[in-house]
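Peer 1: Build out the structure end to end from the sequences listed, making use of the hints.
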Amino acid sequence: MFKLVSTIYKVVPPILLELGKVKNPWPNVDAHSGVLLQYYGMKEMQFYTVLFGVSRALGVMASLVWDRAMGLPLERPKSMTTDGLMKLVGAV
Numbered sequence: 044m045f046k047l048v049s050t051i052y053k054v055v056p057p058i059l060l061e062l063g064k065v066k067n068p069w070p071n072v073d074a075h076s077g078v079l080l081q082y083y084g085m086k087e088m089q090f091y092t093v094l095f096g097v098s099r100a101l102g103v104m105a106s107l108v109w110d111r112a113m114g115l116p117l118e119r120p121k122s123m124t125t126d127g128l129m130k131l132v133g134a135v
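Count along the sequence shown starting at 1, add 43, and that's the number in my numbering.
Think of the hints as simulated: they come from the structure by calculation, not from any bench. In this text, all values refer to a predicted model and were calculated from it rather than measured experimentally. C-beta: ideal position from N, C-alpha, C; glycine also. One or more hints might be untrue.
Simulated pairs of lysine-lysine, DSS-like, Cα-Cα distance not exceeding 27 Å [as the list claims (entries may be wrong)]:
no., residue 1, residue 2
1, LYS46, LYS64
2, LYS130, LYS66
3, LYS86, LYS53
4, LYS53, LYS66
5, LYS64, LYS53
6, LYS86, LYS46
7, LYS66, LYS46
Restraint ranges, calculated between C-beta atoms of paired labels, are given here [to be verified]:
no., residue 1, residue 2, range
8, GLY127, TYR83, 42 to 50 Å
9, ARG99, MET123, 18 to 26 Å
10, SER76, ASP126, 34 to 42 Å
11, GLN89, LYS121, 30 to 38 Å
12, GLY84, LEU117, 37 to 45 Å
13, PRO68, MET88, 22 to 30 Å
14, GLU61, MET104, 39 to 47 Å
15, MET85, LEU62, 29 to 37 Å
16, LEU117, PRO56, 35 to 43 Å
17, LEU79, GLY127, 38 to 46 Å
18, LEU79, LEU128, 34 to 42 Å
19, MET113, MET44, 39 to 47 Å
20, THR124, VAL78, 37 to 45 Å
21, MET104, LEU47, 29 to 37 Å
Peer 2: In structure tokens form, the structure reads like this:
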């Protein structure tokens with residue numbers, strides 16, 4: 044099943060590009076996870092999103108642990124107010 048998904052991953056995007064019906068035909072990074080979860084016995088599809096979220100959270104936590112262990116400063120990404128976002132979107 045994984046080989047089939049990998050083949051589709053390689054074959055379909057160029058076809059979709061050629062047809063010109065989509066702007067970005069490339070599947071996201073998580074495209075294979077459903078097949079892997081099913082292969083390993085996870086048949087309850089309603090939990091796939093939960094597992095994806097948990098994996099993201101664990102990745103962030105691992106990064107934070109390493110940052111603290113290495114004495115790196117806190118990361119403070121830039122933020123915007125809702126008004127700022129509305130102005131930005133309105134300008135587009």
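Peer 1: Hints first: check each against the structure and report whether it holds.
Peer 2: Structure-based check of all given hints:
1. Restraint check for LYS46 and LYS64: satisfied, since their Cα atoms lie roughly 26 Å apart, inside the 27 Å limit.
2. Distance restraint check for LYS130 and LYS66: the Cα-Cα separation of roughly 25 Å lies within the 27 Å cut-off, and the hinted pair is therefore satisfied.
3. Of the supplied pair hints, the one linking LYS86 and LYS53 holds, its CA atoms being roughly 26 Å apart against a limit of 27 Å.
4. For the given pair, LYS53 sits about 17 Å from LYS66 by alpha-carbon distance, which is consistent with the 27 Å threshold.
5. The hinted pair formed by LYS64 and LYS53 meets the criterion: a straight-line CA distance of about 18 Å does not exceed 27 Å.
6. Proximity of LYS86 to LYS46 is assessed by CA-CA distance (about 19 Å); at most 27 Å being required, the pair is judged to hold.
7. Of the pairs offered as hints, the one joining LYS66 and LYS46 holds, with about 26 Å between alpha carbons and a cut-off of 27 Å not exceeded.
8. For the hinted restraint 42 to 50 Å between GLY127 and TYR83, the CB-CB distance of approximately 44 Å keeps it satisfied.
9. Restraint check, ARG99 to MET123: a C-beta distance of roughly 22 Å satisfies the suggested window 18 to 26 Å.
10. Distance hint check: the CB atoms of SER76 and ASP126 are about 37 Å apart, consistent with the given range 34 to 42 Å.
11. Restraint check, GLN89 to LYS121: a C-beta distance of roughly 35 Å satisfies the suggested window 30 to 38 Å.
12. Take GLY84 and LEU117: their Cβ atoms lie about 40 Å apart, and the range 37 to 45 Å holds.
13. Our hint of 22 to 30 Å for PRO68 and MET88 holds, since their Cβ atoms are close to 24 Å apart.
14. Between GLU61 and MET104 the Cβ separation comes to about 42 Å, which falls inside the hinted range of 39 to 47 Å.
15. Between MET85 and LEU62, the C-beta spacing of about 34 Å keeps the proposed range 29 to 37 Å intact.
16. At about 39 Å, the beta-carbon gap between LEU117 and PRO56 stays in the expected band of 35 to 43 Å.
17. Take LEU79 and GLY127: their Cβ atoms lie about 40 Å apart, and the range 38 to 46 Å holds.
18. Under the hint 34 to 42 Å, the C-beta atoms of LEU79 and LEU128, about 35 Å apart, fit the expected range.
19. For MET113 paired with MET44, a C-beta distance near 40 Å keeps the hint of 39 to 47 Å intact.
20. A hinted range of 37 to 45 Å for the beta carbons of THR124 and VAL78 is consistent with their spacing of about 41 Å.
21. Look at MET104 against LEU47: about 34 Å separates their beta carbons, and that is inside 29 to 37 Å.
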